[in-house]
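Build the full structure now, drawing on both the sequences and the hints.
Quick mapping for you: the protein sequence lines, in order, are chains A and B.
Counted the way my numbering counts, the first sequence spans residues 1 to 193.
Counted the way my numbering counts, the second sequence spans residues 1001 to 1109.
Treat the hints with care, as some may be off.
[What the hints assert, rightly or not] Just a few of them, taken from the derived set where beta-carbon distance is under 10 Å, the chain A residues facing chain B:
1. Ala21
2. Arg23
3. Phe24
4. Asn48
5. Lys49
6. Ala141
7. Thr150
8. Lys172
9. Ala180
10. Gln187
11. Pro193
[Claimed, not checked] Here are a few chain A residues that sit away from chain B, every Cβ distance over 12 Å (derived from the structure):
12. Val52
13. Asp57
14. Ala65
15. Lys67
16. Tyr70
17. Thr71
18. Glu72
19. Thr74
20. Ala78
21. Asn79
22. Ile86
23. Thr89
No lab work stands behind these hints, which were simulated from the structure alone.
All C-beta atoms in this analysis are idealised placements derived from N, C-alpha and C, irrespective of residue type, glycine included.
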Amino acid sequence: MLRLLRSLGVVLLLVAVAGCAVRFVPAYDATIEADINDLHKKVLAFLNKMQVAGRSDAGKYTSSAVKSFYTEATATTANLALRATIRDTGKQCPTETAAQLLFGAGGPLEAALSRVPATAQPGGPAPTATTPTAQQVACSAVNIVNMDATLRRMEAQHRANGRLALTRSWAKIFNTEVRAALFVEAQLKSAMP
Amino acid sequence: MALNLQDILPTVIGAAQREAGQTWPQIRTLAETSLRDLSQAIVEAGEGVISGEATADEARVIVEEALRAATGVLAAAVVGGQAAAQRIVNAAIAAVRQAVNAAIGIPLL
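Below, the structure written as structure tokens:
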């Protein structure tokens, strides 16, 4: 109780010093939201093209259109990630444990994946979830940083294999990251004083 | 045995709901849609391996990416809680600002 009163006192003191309002989340930036939407359309269009292209030349990593897409898209995500990170510096997002419970070793998805027949997995053991890379950024920036990482991983797969498999899965993952990023932007907008 | 989304999804959403606790109603729509998409992505990756469309390594990358995307959904939920707290505190301050400033005689709030 004493701790709660102290915390409340600190908040009130900060409010008094600040003069008007508290801030727990960074300021909303309309250009970040617009850039996320713009990038989303380009990535989905690209993945649709890759699905149609399949193993034809248009779907190969060596295609100039493919390389051009990755160059532009990763430049956009790098810029977005930088802007999202610097608007809320010095914070870390404590979501690792929760995600691990869902998708990590022994979680429900890994249990389901363990049912894939071993004979149907050329080239290696059954897919298993691994610990995610530690997020060293604020929660408000996590999804934008993830979008950048996802595009780079997708490009690395495309480059290594020559063509991009599982385009629908990539689209669903990118959709999830965009949806969560836009949810964050909507929350920041709604919290503006 | 083939992967079945309907077998996986209730377990995944149940685990997310338990983890989210009291914040679940606030993030339910985002979480359910996202977890359905991520589970579907993993199921399709598994089917891709079975059909020969993809290698196990390619499917494994999808699983790892889905894990990271799930972390992002949880991060978004955290921001939702922080933003709600900011709205509540600032609304409370706004509600008493005029009365407090008038009583003190200076624009404290």
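Violations among the numbered hints: 4, 5
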